[in-house]
Amino acid sequence: MIRVELVKLARRPRNWASVALLCGLPLLVAVFVAVTHLAPPPGQGPALLSEVLSSGSLYPAAALAIVLPVFLPVAVAVFAGDSIAGEADSGMLRYLLTRPVGRTRLLWAKLVALTVYVVTTVVLIALTAYATGTLLFGSQPVAAIRGSLTTSSVAATSLSGSGLSPVQLILRTLGAVAFIAVSMLGVAAIALFLSTVTDSSLGAALGALAALITSEVLVTLNSASAINPYLPTRYWLAWIDFFRQPILWRNIDRGFAVQAIYVGVFLAAAWAHFATKDITS
Amino acid sequence: MIVHPRARWRWAVVVCGTVLLGAFPAALAALPVAGSAVSPAALRARIMASASLPYQGYAESTVDLGLPPLPDLQGVSNLLDGTTDQYAWYRSPRHWRSDTLTAVGEDDVYQVCGATYLWNYSYNLLTRVLGTEPVRLPRAADLLPPALARQLLGLASAADHLSRLPSLRVAGVDAAGLRLVPADPATTVSAVDIWADPADGLPVEVRIMGRGTSRPVLVSSFLQVSQRRPALATVIPHPAPGVDVVTTRLSSLNGFLNEDHRRHPWPPRLGGLARLPIAGGGLAGVAAYGSGFARFALVPLPGTTGSRIVDAATAAGAAKVTLTGGTGVLIRTPLLTVLLASPPFRGITFLFAGAVSPALLESAASDLFSRFASRP
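Protein sequences, first through last, are from chains A and B. The numbers in the working numbering rise by one with no breaks, and the one at position 31 of the first sequence is 31. The numbers in the working numbering rise by one with no breaks, and the one at position 41 of the second sequence is 1041.
Bound conformation, chain A alone (with noise of 0.2 Å):
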């Protein structure tokens, strides 16, 4: 069952029509910082886009700032919103479960599809914008270094002005991209739980987006301080805390708790309604 969704996954061209759009975005933005030679200055913009013009290999967290506020976030919750209410939509649910397999089962192979898009997704994103950076940006160290680092190079100047070796800088990228793949998780569960609630795909991507949207509102509000640590989108920018010296790292370690209950909640949810749901599509 699982091989047959990531088969599925696979095989759909808007599946990678939509990898290809939130790779081409930071692509776009690429070209035309390296042609004007025009970045946003330092604490305007996408988070660490004005860094990009001195070295390249920062542009993976760069890419992944430009697309985390609307992009990624609407593509994850259209795919994850088609998982079961496509099914539906297009008539094949009911036929599908006549075959021997169980709900549950199916939910499961649908969540295991889901994962895999949204962390390829990431990566993907992360990949291209390296590649992109280092082509059009260079990837020579800022500098050498003398100290603690001695050995080492600075690859790149954290928020806190220090230096990030090479290696730091690798690390951090990619707790960086771990962290945004894993807040996309909590989207695609509450996509996927409103999935199995509606027939309608459509229907189920609005839902969540109004949910991101609700909580984006919220998180500004003073007078909600009291519900703030525990909104969906709450402390989604807190990947940027990886490129801090040192990493801080209570909102990263909040982010992913949030997150983990989120999807607990709304997969747990999705399976109570999913699994004795009538089935008239």
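Everything labelled a hint here was simulated from the structure, so no lab data went into it. Please note that the accuracy of each hint is not assured.
[As the list claims (entries may be wrong)] For the chain A half of the interface with chain B, some residues (derived, Cβ under 10 Å), not all of them: (1) 54; (2) 164; (3) 237.
[What the hints assert, rightly or not] To list a few chain A residues with every Cβ distance to chain B over 12 Å, as calculated: (4) 90; (5) 159; (6) 170; (7) 215.
By construction, the Cβ of each residue, glycine as well, lies at the ideal position given by its N, Cα and C atoms.
Since the structure of chain A is already known, use the hints to place chain B on it.
Positioned in the frame of chain A, the structure of chain B alone reads:
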């Protein structure tokens, strides 16, 4: 509609699990807080003696003054009207660091022996300020609970009233509460509430109430704190190659102070309050008057800077006031009062600011202008 019994069972599991997860933080918060029998005076003494205690932690400060954005003072306006997140590493009074965090950068302050380093990510600039700054603009690090609590308690006079508040759990610390009520009616501070570790006096939360307000105007609190001593390497700046490094002896106030104002011989008393000596001499153009919480700063602003600030304040709805010998624009907040006073000549604006009543500042400005008028 027929609901399958299994569906009921499954939903019951999901709902119960969700409720348990949701109730967990509330249950933790509802756990009884260990009380403390320490007296108000003893707790105050412990807090004042806590400057040598190392700590590191994540603090959040929320200030709701409603200050309008003022030119050249944007940083102060932001600090005093919004939420500031910072992470602090404090080894000792001579070695500490505070990072003010934003979603796309950070501004850091390092104290390394006698030098202060200011890191500004937006400008890719590390500024080394030599020597102490007797007079400077407020920084985010001033709002860290330990620094703020000690600063406020240091202002207290013998007439102010100290009492204990119920203990509160802050960032995992069962903190003993202390309330300070200023006796001077001229101040806008109605009470200062401080919670500190009763064992060693490390402050973990500070609230300041203004007169006539039911909610705190300023809340500064640790969200996470540990008394582990940070490594020396953490509190010393390590600028990467490519970072601009400059050294200065100038105070942050010099950005908009004019050397011409150093010649102002400030009177010994204004508005009935005595002039305060500024440790280290300070900037000759800046003065402070008063005592305890009823004190205000007097800063002369050069013509263009002063005019722009007055215009911005007027555009934001600040009230115009008539003073003896001049005019003024009054910015009134629940805690801080700012008066921008201009004599009819001289092309200068005087900024009076403090947690004092508007009447006091107006009286002080009128006093100052009267002295100008009486001079030949």
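Okay, the hints, checked on the actual structure:
Taking 10 Å as the C-beta cut-off, the interface hint given for residue 54 of chain A holds, the closest approach to chain B being about 6 Å. Against a cut-off of 10 Å between C-beta atoms, the interface hint on residue 164 of chain A holds, since the closest Cβ of chain B lies about 8 Å away. The criterion of a C-beta within 10 Å of any C-beta in chain B is met by residue 237 of chain A, whose closest approach is roughly 5 Å, and the hint holds. Listed as a non-interface residue, residue 90 of chain A keeps its Cβ farther than 12 Å from every Cβ of chain B; the least gap is roughly 25 Å.
With 12 Å as the threshold on Cβ separation, the claim that residue 159 of chain A sits away from chain B is violated: the shortest Cβ distance comes to roughly 5 Å. No Cβ of chain B approaches the Cβ of residue 170 of chain A within 12 Å, the least distance being about 17 Å, so the stated non-interface status holds. Against chain B, the non-interface label of residue 215 of chain A holds: every CB pair exceeds 12 Å, the least being about 15 Å.
Hint 5 from the earlier list is the only one contradicted by this structure; the remaining hints agree with it.
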